[in-house]
Each structure stands twice: as C-alpha cells, then as structure tokens.
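Engineer: Going down the list, the protein sequences come from chains A and B. Mind the numbering: the first sequence is residues 1 to 301 in this note's numbering, read in order. Mind the numbering: the second sequence is residues 1001 to 1165 in this note's numbering, read in order.
These are calculated hints, taken from the structure and not from any lab test. One thing to keep in mind: the hints can contain errors.
[Unchecked claim] What follows is a set of in silico ranges between Cβ atoms, one per label pair, in the way DEER data are often shown:
| hint | chain 1 | residue 1 | chain 2 | residue 2 | range |
| --- | --- | --- | --- | --- | --- |
| 1 | B | 1004 | A | 226 | 40 to 46 Å |
| 2 | B | 1041 | A | 236 | 24 to 30 Å |
| 3 | A | 235 | B | 1045 | 20 to 26 Å |
Remember, it's a predicted structure, so these values are computed and weren't measured experimentally. A virtual CB, placed ideally from N, CA and C, is assigned to each residue, including glycine.
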Amino acid sequence: MDRTVPCLSSYALEKAAGGKGWPTPLSQEQLIHIETCPLCAEKVRHAQAAEAEFRNIVMPDGIGLLAARLRRRRTERLLAWSVSGAAAVAAVLAVVLVLPHGEDSKDPLGKMGGRETDTSALQPHGAAGDSEEPSGTAGKETAESGSAGRQGMPLAERDYTGLKAASSLELYVKRGRDVFRHRPGTPLRPGDVLRVVPVAPERSCILLLLRDAAGDVQVVYPWNGKASGPMPEAGQPVTGAFELDERIGTEEWFAVFSNTPVQAAALVERVRGIGVGEAGRQAVSGVPVEVVVARYEKVVP
Amino acid sequence: MGAGHVEELYRQHGGLVYRRCLALLRDPDEARSAVQEVFLRIMGRLAHEEEVGNIRSYLFRAATNHCLNLLRDRRKLAESLECDQVAGAERDDPQQQVAWRDRLEACLAGLDERDRLAVHLYWGEGLTQDEVAEVLGLNRVTVVRLLARLRERLRLKDTLGGDGK
C-alpha cells in the first residue's frame, strides 16, 4: 500500500469510479494509491458494480417513472398558472413598466440565486460618492505601465469614469436571501458571501489579493497562487464565493490586472506593508499593472 | 431546464446519484426512491436558475443533502458515517464508535443545510478541505474559515478528539 497518500475519501473514490467530468481529476498519487491499496481498490470495484446495477436494473424502470413524474409535475404547474394567470400577468406588466432598464440587467446576480436590492455601481476612487470615504470606499488606482520607474511613488488619483475599457472590481453580496451589488460606503457583515467580478476588457491576467480586517494578506485568486491567473470570461466572477469571517474592521480587495502574469510574493509583501487606505496609491509592482481596490467596513449589525 | 434535460442528466449521471444514495442509505430500494427525488428536485432548482457549477459535484452534493435529510428524519444519521473516520483509539472499539457517532449526531443537530453538509463531509466522511470546497461550490478560503468556525462552535476539538478530525 502506498503510505504517502491516505486512503481516498468517498468523493475521491466516486471520481475513480465515475470517470471524467469532475472539477479536478484525481492526482497521480491518488491513482497510484488505488492500484496499491486493496481496500480502496475494492471500494472502487464495489462502486463500479453499483454503476452496472444502476445501468442494468435501476435505470430501465427508473427513467420511465421519472419521465412520468416530470410530466405530471409540469401539468400541475401549468394548471396552477392557468388559475392565477391573470393576476400574474398584471403583476409582471407592472414590474416591467416600473423597473428601470439598463446595464444592471447584465449583472450576474441570478447566479447567486437571490434578489437584487441595490444596483448602484462601484464608484471609482475620486468619482461621485467618494464623500463617504474612507469607510466603504471601492477605489481604483493605478500602477500603470511605466511604473517600473515610479515604484513606491504615490500615484495621482484619477477619475476613470467614462474612460474606454476602464477597469473595475465589482462585489456582489449575498446576505440571507438577498443579493445586492456593493456600493461605496455600504458596510458589510460577518457571514456575507461575496462573489467578485473583475472588469478589465484589455487585460488578460488577474491576481486577486485580500487584506482582511486583521491585516493579513492572502492571494485568493488564483487560490494561494504564486502568480496571476487568467481573467474569467467577461461578466463572470472569479472562481469561488467568499464568506466574510467574524472579525470586524476594514477589508480591502486588490485586483492586479496585467497582460502577463505577475509574481504574487512581492505584491503581498508590498500590500502588507502599507496602511489601510493607502493601498493602490503606491505602485506595487515593477511591471506594467493596473491595480483596482475595493474597500469596505465590516461591522456587526 | 426541461423534462428532457433532466432525463438526459439521469441517463448520464444517475449512476453517481444512485451510488451516493446507496452508500448513505444502505438500502437499494430506498436508494432508488431517493434517486427519483433528487432528480425531481433538481428540475425545480434548475428552473429557478440556481447556480450549478460542475454538474457532477452538484449532483454529489444534492444526493448527499437529500440522504442526510432522510437520515435525519429517521434519526439514523450517525449510523451512516464511515467508521474509518473515528479518531485514534476509538477506531477499534465498537462501543467508542457508537459513542463517537452519537456525539457527532448531536453536533449536527441545529445546523443549517450547508453547515451540516460541511461537517458531515469533513469530519464524518474524511473529505479534504479541497474536496469539501469542490462539493459545496465554494472557494477553499471560505471552506477553511467555515470549518474553523464550525469547529469552534461545535467544540469538535474536544468532542471528536485530536484537532477535530
């Protein structure tokens, strides 16, 4: 038995039995372990036997039963709709007529399964709404190309509103059943779950750092990565949701956009060494990067 | 998400759901019934555009949740847990295994669905933090914090022995 890898969990065994299509494949060490561990090999065989049982015995009857139940459910739903149809149509028309239309309709809120309660965009640092600083500011500052010669120098704050292909960092907050887009000055709470949508059409790489309320800095995208990762598709959040812990205080998210991967270690040290609210006003890298900062206060309601 | 799509999911991934239900419920008839319920619920959830992410992880989670609810209703939850995860000297002692299961079941009572699932997967079934993150569809940093909070809340360090796992 391979002693370097512990016996596989039920999830890993399922991957071994269930083939492809998982978020991550089994590691080489896990595959070797299965070959050398009689217990795990037996579990995999057992799972494969259960798969055969499903294919040969369960599915032939089950698929027909499932189809019938799905049809019945759809019929029941249509019946329910027909009863309340007039009221529903009236309500929908009222909503369509009253609600504003705009770019928020493209927001990925639906992915979080909640209700949008605030559609205000994050304001760039220096733009309207900054009077609420420093609490809850989502700022944008740059260490733009040429920063190699300006490393460590304060950067002039710029209003990026209206700039073509301006970059930003959008935070979507899920709180209970509600989902809303964070706006400057809005405090967040422990337990809020964030999804982070970077917007940088002209950048191909992103490194996402979080400085939490305790001042600890960590690379959250790519998770514990040593260098930038690829930008997600337009309008999509970076992988994973982030639940805010119990510690109250100011937290800052740093999106470091670039067109070539940048190393994380120096950036982490740099961010760790500067004060809250100062981050982003200094060039944080010797390579052409663009830094966007989103900031909020975490408070107990 | 139409009925045809759900049927296709059933054909492609029904085996995964069946194995999961069979492993937790340990009864082929109950597992067959549970598979039907899981796919019926999936249709409802996907119709509301619930985020799915990776479909196999999602089905693993959905099947586990459904079975945990069934087991909770039948107060058999602890019996479903793998004995492999019992800590230290308790592993070889049947009486201690029963006691450990009772303690874990007591811990699981009162948690919401996600937290209960996290406790079950991590402490009950021995999934790694990365695997729990995959199943729950969360970033690993969130899972690490979640487990730390649950460990503190449930005092698993004292209850389950060692570092809580």
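Engineer: Now, for every hint given, state plainly whether the structure supports it.
Structural biologist: Evaluation of the provided hints:
| no. | hint | result |
| --- | --- | --- |
| 1 | B/1004 with A/226: 40 to 46 Å | holds, 45 Å |
| 2 | B/1041 with A/236: 24 to 30 Å | holds, 26 Å |
| 3 | A/235 with B/1045: 20 to 26 Å | holds, 23 Å |
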